[in-house]
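Asks: Based on the sequences and whatever the hints tell you, model everything.
In this text, residue positions in the sequence shown follow the working numbering: the first is -7, and each later residue adds one.
Among the clues, some could well be false.
As the list claims (entries may be wrong) - Calculated cross-link-like contacts (lysine to aspartate or glutamate; reagent style EDC-like; alpha-carbon spacing at most 16 angstroms):
id : residue 1 : residue 2
1  : K185      : E239
2  : K174      : E206
3  : K201      : E239
4  : K181      : E222
In case anyone wonders, no lab produced these hints; they're calculated from the structure.
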Amino acid sequence: MERFFRNALFLFLMLPVSLVMGAKDSSENPPFLFDGKDNGIPIAVIDTGIDYNHAMLGPGVWRNANEDAGLDGKDADLDRNGYIADVHGWDYQDNDNRPYDYIKPKQLVRRPVCSVFDRDPSNAMRCFGDYARFGTGLFVDLLLPGSAGHGTHVSGIALRKSGGNGAIVPLRVDFTNPDRFKAIMMAVKYAAKMKIRIVNMSFGANPEKLGSGEQAFIQKLKELMLRHREILFVVSAGNENVDITNEPVKPAPASFRIPNSIVVGATDQNGELAVFSNTGAGHVDVYAPGVDIESAWPGGRTKLASGTSMSAPFVAGVAAGLLNVDPQMSTQKLKELVLGAASGRELLFIKHFATRDGFPAGTKYKFNARVMTGG
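Replies: Shown next as structure tokens:
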């Protein structure tokens, strides 16, 4: 297992890989639409961008009100935050104000499809390891890791789980670019500057496979996240099926162990630990659904995907729903509420802690799936 992790250069990415097993095109009749209010609790999603024209996502994409009024002056930075007309977040890949999740030409991988549902988990892990050695990710249609669509899928999950209370702030990063860590840090700084309280990070890196410069950036990223304790960072645990606590080489940022983060592993449809999910007492805080999750896909479609990349936005969305009750609550209180609500393998609901904004005390906030806590 240690050898598998060491080979996994970007299995649990630095391309935000998720283990996508099933795919279907539901463009004719999407099973769910986001009908939340315009500009709810902002959730920054550092990922591959978002299809903000998708029927499921459009109403739930954040709008920068301070720039919105100046759409006619496209070269203006009305809010003086250093970003020109950043109405819907920012694209750090193309350095512009259109963080769109483009579907690139498909390059098929002519290799067998792996399945996390294999009766023998070792078979599945050998298959995943084979992909890792070739530097590929497991994507819908067996795409090589251009990873287009990942951000749209993650955003759809976060919106659904926010109960109509979230608004996605897409911060697009090219995870194949040598300057990816610099871009991630700029995205975190943007979230802090815009006073965004929740940041989803469905990506990770194996530090052993990085150059010394990038390893230094990992430490700087940790320090930056720790500095902004007003932000709750929701981080996917990774898909290597390892115990992070006992691994000599630990994935980042899942291994940072900072007080203002929640690291999320994956459960399957039965509420049991997903075969691919990383674990680790003291590192993985909570486990949320991450197998066969249906969400938005660019072009008005939906796809089924699996991975801790899907589990993290599940928790980010729930956090947004709770923060909506009291937008002034501390990050620590928000984290305690999320983790406290997930105590026990059978828990299906969150209870709101106060009577505010139309939520009577004791109102149940439905998870729609089993959630577990612990390593």
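Asks: Give a verdict on every hint.
Replies: Hints, verified against the model:
1. K185 with E239: Violated, because 35 angstroms separates the two Cα atoms, which is more than 16 angstroms.
2. K174 with E206: Given that 16 angstroms is the threshold and the Cα spacing comes to 9 angstroms, the pair holds.
3. K201 with E239: 15 angstroms, holds
4. K181 with E222: 12 angstroms, holds
When each numbered hint is compared with the structure, a violation occurs for hint 1 only.
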